[in-house]
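Top to bottom, those sequences are chains A and G. Using the numbering used here, the letters of the first sequence map in sequence onto residues 134 to 243. Using the numbering used here, the letters of the second sequence map in sequence onto residues 2 to 115.
Calculated directly from the structure, the hints in this document are not laboratory data. Among the hints, a few may not be true.
So the derived label-pair ranges between C-beta atoms look like this [said to hold, decoys possible]:
{"#": "1", "chain 1": "A", "residue 1": "S242", "chain 2": "G", "residue 2": "T21", "range": "41 to 47 angstroms"}
{"#": "2", "chain 1": "G", "residue 1": "T16", "chain 2": "A", "residue 2": "N151", "range": "45 to 51 angstroms"}
{"#": "3", "chain 1": "A", "residue 1": "K235", "chain 2": "G", "residue 2": "V15", "range": "29 to 35 angstroms"}
{"#": "4", "chain 1": "A", "residue 1": "M187", "chain 2": "G", "residue 2": "L12", "range": "38 to 44 angstroms"}
{"#": "5", "chain 1": "A", "residue 1": "I153", "chain 2": "G", "residue 2": "T16", "range": "43 to 49 angstroms"}
{"#": "6", "chain 1": "G", "residue 1": "K58", "chain 2": "A", "residue 2": "Q178", "range": "23 to 29 angstroms"}
{"#": "7", "chain 1": "G", "residue 1": "D60", "chain 2": "A", "residue 2": "H205", "range": "20 to 26 angstroms"}
{"#": "8", "chain 1": "G", "residue 1": "N52", "chain 2": "A", "residue 2": "S207", "range": "32 to 38 angstroms"}
{"#": "9", "chain 1": "G", "residue 1": "S81", "chain 2": "A", "residue 2": "Q147", "range": "49 to 55 angstroms"}
{"#": "10", "chain 1": "A", "residue 1": "E148", "chain 2": "G", "residue 2": "N74", "range": "38 to 44 angstroms"}
{"#": "11", "chain 1": "A", "residue 1": "N186", "chain 2": "G", "residue 2": "T21", "range": "38 to 44 angstroms"}
Since this is a predicted model, take the numbers as computed values, not measurements. The C-beta atom is built at its ideal place from N, Cα and C for all residues, glycine as well.
Spelled out, the chains give:
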Amino acid sequence: GESVGLHLPTLSVQEGDNSIINCAYSNSASDYFIWYKQESGKGPQFIIDIRSNMDKRQGQRVTVLLNKTVKHLSLQIAATQPGDSAVYFCAEALYSTLTFGKGTMLLVSP
Amino acid sequence: EAQVTQNPRYLITVTGKKLTVTCSQNMNHEYMSWYRQDPGLGLRQIYYSMNVEVTDKGDVPEGYKVSRKEKRNFPLILESPSPNQTSLYFCASSFSGFPGNTIYFGEGSWLTVV
Numbered sequence: 134g135e136s137v138g139l140h141l142p143t144l145s146v147q148e149g150d151n152s153i154i155n156c157a158y159s160n161s162a163s164d165y166f167i168w169y170k171q172e173s174g175k176g177p178q179f180i181i182d183i184r185s186n187m188d189k190r191q192g193q194r195v196t197v198l199l200n201k202t203v204k205h206l207s208l209q210i211a212a213t214q215p216g217d218s219a220v221y222f223c224a225e226a227l228y229s230t231l232t233f234g235k236g237t238m239l240l241v242s243p
Numbered sequence: 002e003a004q005v006t007q008n009p010r011y012l013i014t015v016t017g018k019k020l021t022v023t024c025s026q027n028m029n030h031e032y033m034s035w036y037r038q039d040p041g042l043g044l045r046q047i048y049y050s051m052n053v054e055v056t057d058k059g060d061v062p063e064g065y066k067v068s069r070k071e072k073r074n075f076p077l078i079l080e081s082p083s084p085n086q087t088s089l090y091f092c093a094s095s096f097s098g099f100p101g102n103t104i105y106f107g108e109g110s111w112l113t114v115v
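Start from the sequences, fold in the hints, and give me the full structure.
What follows is the structure, encoded as structure tokens:
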């Protein structure tokens, strides 16, 4: 099948650098946001989430920032590793509907 | 092991020949959903189900049907497939709706309609 990575914005970083992936969401009423990682040939994998009453949440090597004023979400990955190479999607949720962004491909060079 | 299982993983079919993509989860989840993924468009929700016998349209339901007769199964039915339904399909489930419930995705089903 055709790669789902075609036509995606791409972020290329060196191993060990910090990566920042950005996402603009569309619905100001969305109350929950999620970042997913998708490796080639696999389904999306949950990374981290944040509720709309927060502006920052940290996980292991990852941080999500939420700016509701400008409807912007970012994912920061510290000390990026080759295994982080994948397509990253943000998703916004309202009630039972989950709307995904188009994704960003992260390429990590050794 | 917690799993969302889809079948078939790969299928080539012809226009108009009815097909069903099965989805099963072993986590007793109430919420299940189908998405299609196309280059440049990301994942788009086709249908979702909050519980048995409760289904609702997502963003792109045209040409698809679903059913939820049992909690663990949520099949996607293409009554008369067309080439524009060539896509990568994902089934997903979570304990309940959002927020706060992790959504688990299946491995995907590549469907080609010729």
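Now for the hints, and whether the structure bears them out:
At about 43 angstroms, the beta-carbon gap between S242(A) and T21(G) stays in the expected band of 41 to 47 angstroms. About 48 angstroms separates the C-beta atoms of T16(G) and N151(A), a value consistent with the hinted range of 45 to 51 angstroms. Taking the beta carbon of each, K235(A) and V15(G) are about 30 angstroms apart, inside 29 to 35 angstroms as hinted. The hinted range of 38 to 44 angstroms is satisfied by M187(A) and L12(G), whose Cβ atoms lie roughly 42 angstroms apart.
Under the hint 43 to 49 angstroms, the C-beta atoms of I153(A) and T16(G), about 44 angstroms apart, fit the expected range. Checked against the given bound of 23 to 29 angstroms, the beta carbons of K58(G) and Q178(A), roughly 26 angstroms apart, stay inside it. Look at D60(G) against H205(A): about 22 angstroms separates their beta carbons, and that is inside 20 to 26 angstroms. The given range of 32 to 38 angstroms is respected by N52(G) and S207(A), whose C-beta atoms sit roughly 35 angstroms from each other.
At about 50 angstroms, the beta-carbon gap between S81(G) and Q147(A) stays in the expected band of 49 to 55 angstroms. For E148(A) and N74(G), the hinted distance range of 38 to 44 angstroms is satisfied, since their beta carbons lie about 43 angstroms from each other. Roughly 41 angstroms separates the CB atoms of N186(A) and T21(G), a value that falls within the hinted 38 to 44 angstroms.
The structure fails none of the hints (numbered hints given earlier).
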